[in-house]
Amino acid sequence: MAAAAVETIALGKSYRLTPVLLEVDLRVDAGRAAVIIGGNGAGKSTLLAILAGLSAPTAGVAMVLRQDSRRLDSAARRRIGMLEHRSFLYPNLTAAENLEFYGALYGVADPRGVALGWLRRVGLANFAGERVRKFSRGMEQRLAAARAMLAAPDLLLLDEPFAALDSDGAAIMADLIRGELARGCAIVASAHGALAIEGVALEQYQISRGRVVPYLEKSGPSRARRLRSLLGRQSQ
Amino acid sequence: MSAFVVILTKDLRLELRSGTSTIAMVALAMLVLVVLVFALGPAVARGPEAAAAALWIALVFAGMLGASRALMAESENGCLRALLISPADRAVLYAAKLAAAAIFMIVALGAGAIFTVLFFNLEFSGALPRMAPILILGVIGFAALATLLSAISGRARGGELLLPLLVVPMFVPALVAGVRASAAALSGAPLGAARDWIAILVAFDVLFVAAGYLLFEHVIGEE
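As they're listed, the protein sequences go chains A and B. Numbered as in our numbering, the first sequence ends at 236 without a single skipped number. Numbered as in our numbering, the second sequence ends at 1223 without a single skipped number.
If you are wondering where the hints come from, they were derived from the structure by calculation, not from laboratory data. Any given hint could turn out to be false.
One-sided and incomplete, this derived list gives chain B residues near chain A with beta-carbon spacing under 10 Å [to be verified]:
no., residue
1, 1001
2, 1006
3, 1010
4, 1018
Each residue gets a CB set at the ideal place from its N, CA and C atoms; glycine is no exception.
Isolated chain B, as found in the complex (with noise of 0.2 Å):
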């Protein structure tokens, strides 16, 4: 068995006995669409620019409980330490931490877009999988540049403050890029009309899963 499906696998398998970080995130999706239902109001809440802008927020807030915690739960008892002076390469590591990182906010984005269909009164059946594909490839991005940064904010006195600062700003291109896509295909568009946007998702996600993978090595472990 690889190393990838190795940590893959201790990684589902802790999170499937505890749950918390799903969990967590699923509750802070559907917590950040209600709030933010209220917030716009009946009118403004029926459109879809306003429900995609709404289920991307969620995504970047459940998305930062997220990606803390997977770099995080290696902290307990030094297991990245473990990691480290394994026979694992660190790239390796990163890919497993990124796959893991990503299955858990795909749940939980799964369920975040029932919440928005739902609150935003939007036509079920056509809607979802529309946007299944851009939500996934929003996710993979996420988790690629959440996973790199906490690596290096984990490093760091308060890292856990610094990773929002750190990972909003630079996901902002991918934000406006999902959102414009998503709302393109809430609206019933065929995906080709969003090309151009989806196709900044991906340049995204391929930008920052290679930057993860070549420098994940030099920015965590060695003292």
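One chain only, chain A, in its complex shape (with noise of 0.2 Å):
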């Protein structure tokens, strides 16, 4: 059996007293992908972030690369990788430049080469030396991509990758999704409706009430044909 890159039992979550997340099990082992689906507030994010160590959960506990996820020790932050919906770039630094930065900061030898190399992978190296404060939202999002992923990672959390991304933004992160999995990464990632990425299995959860449950996708019409057709059959 591979080993868990993420192992979440009974993981809880409440700010004061509204509970966001309740009683999660989740497992996520070494090559897989589990995409969790809920909407706006449903406790995605939170759930991505107590699993960066970035949240503390307020019951059970969430096992990240094999430590609790309270006490992520350096070697551990240093594999993983996150891409948030804030991209966690300077927009005052150019393109290569950011990702020189996060290159160094995490111990990558030849952080200039990586960047580069990085750049053009994500189809920016045009842009290389342009100031991050002049992309726009759908190139801010490819190179936070890279971000995330420039050091290696074996856990890669992200929310929403494919939020502001044209369809040949969707298909370079789709690649680079292929890649990590294919690379033996870890992947979690949260989106509003079920994912699809061609050659790859995901396993998709829901958020429902603050429980991750497997998505079932939903059959029969869907609400607003069968309101159109509840309308049609009204107006003849």
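Starting from the two chains in their separate frames, assemble the complex, guided by the hints.
Below is the structure:
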């Protein structure tokens, strides 16, 4: 059995008296990807923040790379890459300088070379010397993905990775995710709806009232289609 | 390259590129000194005591601006969260932020010291070298205190308003010692004459640098 990169046991998080996550049991092995589906405020980002060690659970435990998420040491943090809805990029540094900074911070050998390599992979090689302040949201998201992945992490936490991406950007992101999984990296991603990436088996879960349960594709006509057919029937 | 050098180099590069904090601090220090010269009038604004007090008041105001900027610069695009999940220890992050804030303040206070000598009709050659070590001690203490407290106030709603209310009262012991030591230096006395005041400044620096190094991990980050 592959080693679990993430394992949560009865994980819970409450803000004062408001529960956000309830008894979450989740296991993600190396080389596997789990997608957590939920609407705004469902608790997806909170779960990712707990796994990154940015937030402490109020119940249960989250084991991340065999360490308690409350006490991740420097070596474990080095093995985690995170992509959030905020890009973690410095607007007044260029694209190359941003990646070089994070490469050096994560102890990557030859940060400059690695930064330029990743800029090519995310299709931003021509913008290496541009300040991030001038980037569109989609370009910033691609650069942020490069930032999260450049230290070859063993666990990737991706909060809505396809947000703000056009079709080219989405194809690049899908390629990156395929590449990271093939390398043996575990991925926990969040999304508003079910994700499908060609050639990748995703374990899909949904957050419902704070509980993480296997995602069940809704069958039958959608609410919108049912409403349209109902309106059509009334007008006849 | 160590995480300390990486973070400090990035902060210095960002500051050299924009210059926002240092320029604003120099401008504020000059304004404070001008206001005090006019407020005190020509009779009072002549002695070393008045000059030393004015310079240290300028240090407090300019320092407040710089210290709040040091961690605020990381809040754009959530960069502080990136530093918190990075392999860098939080104590190292504190040390780098403290060093960056102290360097910006030293540049601003260097300009402030020159304005003080000019505005208060002091002797240029002797005053500045004698005052430099005292000012550097004051800057280190202030930066250590303000960096730690800005991490605490940054978590509170309206933290920017809270920061001066926390920093200024706690800086009073160093302020008193700094003004007395600077006044002695400006009046031409050797540094040894202000030995006791300088000892207080050193103790203040050691206390707050150590407190910041040990406590920063607990006051920043976890939600």
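Taking the hints in turn, this is what the structure says about them:
1. 1001: Hint holds; residue 1001 (chain B) Cβ to chain A Cβ min 6 Å, cut 10 Å.
2. 1006: Hint on residue 1006 (chain B): holds, closest Cβ of chain A at ~5 Å, below 10 Å.
3. 1010: holds, 5 Å
4. 1018: Interface hint status for residue 1018 (chain B): holds (6 Å vs cutoff 10 Å).
Consistency note: the structure conflicts with none of the earlier hints.
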